[in-house]
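These protein sequences, in sequence, are chains A and B. Residue numbers for the first sequence follow the working numbering, beginning at 1 and rising by one. Residue numbers for the second sequence follow the working numbering, beginning at 1 and rising by one.
I should point out that these hints are in silico values taken from the structure, not numbers from a laboratory. Accuracy of the hints is not assured; some may be wrong.
Residues on chain B that point at chain A, a partial pick, calculated with CB under 8 angstroms [as the list claims (entries may be wrong)]:
| no. | residue |
| --- | --- |
| 1 | 29 |
| 2 | 122 |
| 3 | 143 |
Beta carbons: idealized from backbone N, C-alpha and C, even for Gly.
The primary structure of each chain is shown beneath.
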Amino acid sequence: MSSPLFDKTTSVLGSSINFRSLRQNITSANIANAETPGYKAKVVDFEDALARAADLEGWAKETNTTDPDHYVIGSGSVANARADIYDNPDVNVTNDMNTVDMEKEMATLQENSILYKAALNLINKKLGALRYAATDGGR
Amino acid sequence: MDFSTALRVSASGLAAQRMRMNTISSNIANINTTRTPEGGPYRRKDVVFEAMPDERNFGEMVTVKPDEQIQRVQVTDILSDRKAPLLKYEPDNPEANEEGYVAYPNINLMEEMSNMIQATRSYEANVSAIQASKDMAMSALEIGR
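Kindly produce the complete structure, drawing on both the sequences and the hints.
Here is the structure:
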């Protein structure tokens with residue numbers, strides 16, 4: 001997604017919001033399964049992938065390919081960034097082989113919620129600036 | 001962007017903990033019960049939690065690959081404790097056997113109480129998760145306002 005009106009920042013923020021909602025789902029599942037024997041706590045990892053995609057965004061336009069089989073360098077745009085979901089390796093295993101750390105999950109939940117709202121606030125600021133320009137400087 | 005998944009998964013946690021609370025209540029209520037329909041004294045019950053892939057509606061199941069990583073919790077079974085009943089020597093009790101022993105349920109009140117606190121805390125954790133998801137969804141509705 002790139003248009004003159006909505007720049008890279010907005011699309012990165014949009015992706016970040018999507019990933020945070022996925023993290024919210026996974027963390028909720030971890031909390032719901034905090035006492036399920038054998039359940040493995042899952043983590044969502046997207047920050048690095050998103051940062052890399054944000055760096056590469058826009059490159060695709062600048063590289064030329066001479067053969068349709070060539071890979072386009074920098075095809076990893078923000079919209080194509082993928083989140084990794086895997087079993088958290090950094091855990092203490094309890095008697096029932098459950099690896100959910102309730103304190104950690106609650107902290108993740110709150111942190112995720114705050115950063116989600118922060119991203120929303122930034123989008124709102126962007127939209128506010130656009131509105132300011134669209135209304136001719138508030139006149 | 002679906003908050004219904006987070007809400008559904010947390011709700012499954014609430015339901016599971018409530019079911020656990022029900023069995024604990026049953027255990028405490030029947031701490032002195034000597035007769036049951038199956039015969040013999042009451043046996044303490046325990047819930048079995050199982051993680052299951054989050055179930056979507058049929059349309060989504062056909063079109064979208066179900067996300068195996070997001071798992072809800074479900075009470076799949078309620079098991080009876082295998083501990084032998086407590087035999088107390090009460091020859092005057094009409095429930096006593098030939099040797100004068102009455103079989104009582106082998107329920108430890110302290111154990112039930114600590115399980116109850118654990119269930120309450122887990123329930124609260126799920127409520128917090130629902131609250132956080134709700135706050136996020138509400139602030140998402142205010143984009144551009």
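So, going through the hints one by one against the coordinates:
1. 29: For residue 29 (chain B), the interface hint is violated, since the closest Cβ of chain A sits about 23 angstroms away, which is over 8 angstroms.
2. 122: holds (6 angstroms)
3. 143: Holds. Min distance 6 angstroms.
Hint 1 alone, counting from the list given before, is not met by this structure.
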